[in-house]
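Residue numbers (full-length UniProt numbering), protein chains in the order written: chain A, 1 to 423; chain B, 1 to 423.
Please note that a few of the clues may not be correct.
To be verified - DSS-like, lysine-lysine: derived pairs with alpha carbons at most 27 Å apart:
no. : chain 1 : residue 1 : chain 2 : residue 2
1   : B       : K144      : A       : K144
2   : A       : K20       : A       : K236
3   : B       : K317      : A       : K127
4   : A       : K127      : A       : K30
5   : A       : K144      : B       : K127
6   : B       : K30       : B       : K20
7   : B       : K317      : B       : K329
8   : B       : K144      : B       : K31
9   : A       : K210      : A       : K20
No lab work stands behind these hints, which were simulated from the structure alone.
2 protein chains.
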Amino acid sequence: MPIVVQKYGGSSLADAASIKRVARRITEAKKAGNDVCVAVSAMGDSTDELLDLANQVTPQPPPRELDMLLTAGERISMALVAMAIADLGYTVRSFTGSQAGVITDSSHGRARIIDVTPGRVTDALEKGHIVIVAGFQGVSQDTKEITTLGRGGTDTTAVALAAALNAEVCEIYTDVDGVFTADPRIVPAAKKIHRISNEEMLELAASGSKVLHLRSVEYARRFNIPIHVRSSFSAKEGTIVTDKPAEGDTVEAPIIAGVAHDRSEAKITVVGVPDHPGKAAEIFQTCADAEINIDMIVQNVSATETGLTDISFTCPKTDGQTGVQALRKVQASVGFASIQYDDQIGKLSLVGAGMRSHPGVSATFFRALANTGVNIEMISTSEIRISVVTRADVLDDAVRAVHTAFGLDSTEGEAVVYGGSGR
Amino acid sequence: MPIVVQKYGGSSLADAASIKRVARRITEAKKAGNDVCVAVSAMGDSTDELLDLANQVTPQPPPRELDMLLTAGERISMALVAMAIADLGYTVRSFTGSQAGVITDSSHGRARIIDVTPGRVTDALEKGHIVIVAGFQGVSQDTKEITTLGRGGTDTTAVALAAALNAEVCEIYTDVDGVFTADPRIVPAAKKIHRISNEEMLELAASGSKVLHLRSVEYARRFNIPIHVRSSFSAKEGTIVTDKPAEGDTVEAPIIAGVAHDRSEAKITVVGVPDHPGKAAEIFQTCADAEINIDMIVQNVSATETGLTDISFTCPKTDGQTGVQALRKVQASVGFASIQYDDQIGKLSLVGAGMRSHPGVSATFFRALANTGVNIEMISTSEIRISVVTRADVLDDAVRAVHTAFGLDSTEGEAVVYGGSGR
């Protein structure tokens, strides 16, 4: 029997009524002739409520105990989903991450999956039971401690289970209809993407698209698991993330998959850095030691008369003050002049595998921004992505302008193939 | 290093502030030179809130999934208590029932402890950590399923851990100062009992005293673990439950330990039962098949002219309607006339090991009830207990009258040795 893995997030499990709706959805997949294994997140805001309780008790909870606390959230939702399924007359078994064989390293709060040994899940599926697994959690290989995978980890749990069970598809149910060419709250004309490659989805997820968790896409690519992102509130098809070409796919795929934006980063500029070999290394080693996640890096050309240069980089706002403090401590030894911190920035990214073979994409991109009067502060590119940093307050305008310039605005519902020239 | 096991109930863990208070209390025991292992219940009313969620999803949750759900409650409280202890600068490890080696049978919702294999707890204690264990829960021996021990099960967890760790004492922290000679809400003159035997404590717990869970007292008696019941809100000594004589105990112990009452039972009377051998057995087999917990049983003398008798018994009100329905189904085959159901009853029990050797106790007891105008509907006795069923609305008066008659009312704080005669 084909195996389908489904994932339901907290917003699909906000209360008893939503849980019953999700249960009906799960039993439909079973009724359609599949073995069904489901990964669930904690209900609604319950993870935040648990974090709030922890913060009331101590400003610095030990990571081991924080994981113990937070894993209660999925335990509650998985048991309730299982009850709702039983109420519909199906047999069901819920398993914690540990029971389902989700083996991780021992980095509490951001553990990585090392292996999945789903013996109990397989047994239960073979007996005809629907299986519910607590997302976001696992057990460490060496110490047998309960771990969590970090925010959004349930996507990764679902994909990892799909890989271990050799599932046909991993369906990620969420509160939107799929992956869009841009955030529909900013670009009302944004269209649902019907099919997208893993590579493009990775770039979108890394550039601020919140629909899928980055690590789950990496995992799906490695194990070649098709992901179907769709709404738990409708029966509509969503977005298929896969590298397999669609059947009967004769038209060339669109060049541009979509426009992502990100408001969660800050920019740190280290001013007046001596332009000697090794200075950049000292700066970024300092950031690495402070566990700052660096995103974009730009170094200006050195002014020859002074022998000094400026180095700018972006990092999550939540890491910003840590980064500034760590750098201040090495100011004398590195010998730079000052630090500027700026958290009023926005990042816009254009993603599309077609960029590789279609010149002219960057020209169209920068022209669209220029016509809207958007000033560009940093630029970074990959093979299939161009990202720019702008002022935060012009970000929405910039996203809309780029979306329109690449013909992504909805007309009859399918993305237009872009035919620009002269990159 | 001596090992102390402590237990904190939900009312001592109602919010972040109470959890911090409990943490301070725990670290004091550590500071005093003990290894400390603590069993905790779920916070405040959180078990009821989880039950309510389950009932919103289905009227009949599968017991396995209900246990999965409810065990989230202690997981949350144990992690928070551990965090609060870490915040005070101590190292700490929390363990689920399963991790702590609480092995049970597989009766979900009312599992019994088969064994405790506390390897991880012992390791952590030897490393100098304070250990927090989730109460009320375990893992089944055969199926490795998560189980719960039933309401009040955290008392049993604590005593079982104390036995397995060979602890000096099991301290049960609660929201009252100890075990009293009667419920102080009904008898303001009730006194705290300083020391009580296991046997007496068992009878009190079985007769409606809610301070200690019956099964935990049975467990403590079997493994000879002294229990210290005390308030988590004060530093006062509470009640020691032990069969060891107190040091320097020259005065004879009081005859009467206390007066318990119970409003949770109902009375079922089977009217007009043919007075043939085997009829009572049929009735009680019917109740056993319906899983009704029978408490007191009274059969009246048969009226010779009719050859019929009445059989009355008490059971928990929650089992009452099930019992009535089960009996109605066998009415024809057993051949009784009718069933009377009465849930307006109260039970009063007088408990004291001294009853055995002191005649006159029952005379004093019934005289006290008669003088208060209390009508007695059923009587049952054990070696060290007399229980009567009365109307519910006279129960409080009856408790006060008996308490006074046996000289239990507080004068200077110590129970008076009763010197009656002529039982």
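**Prompt:** Where does the structure disagree with the numbered hints, that is, which hint numbers, in rising order?
**Reply:** 3 and 8
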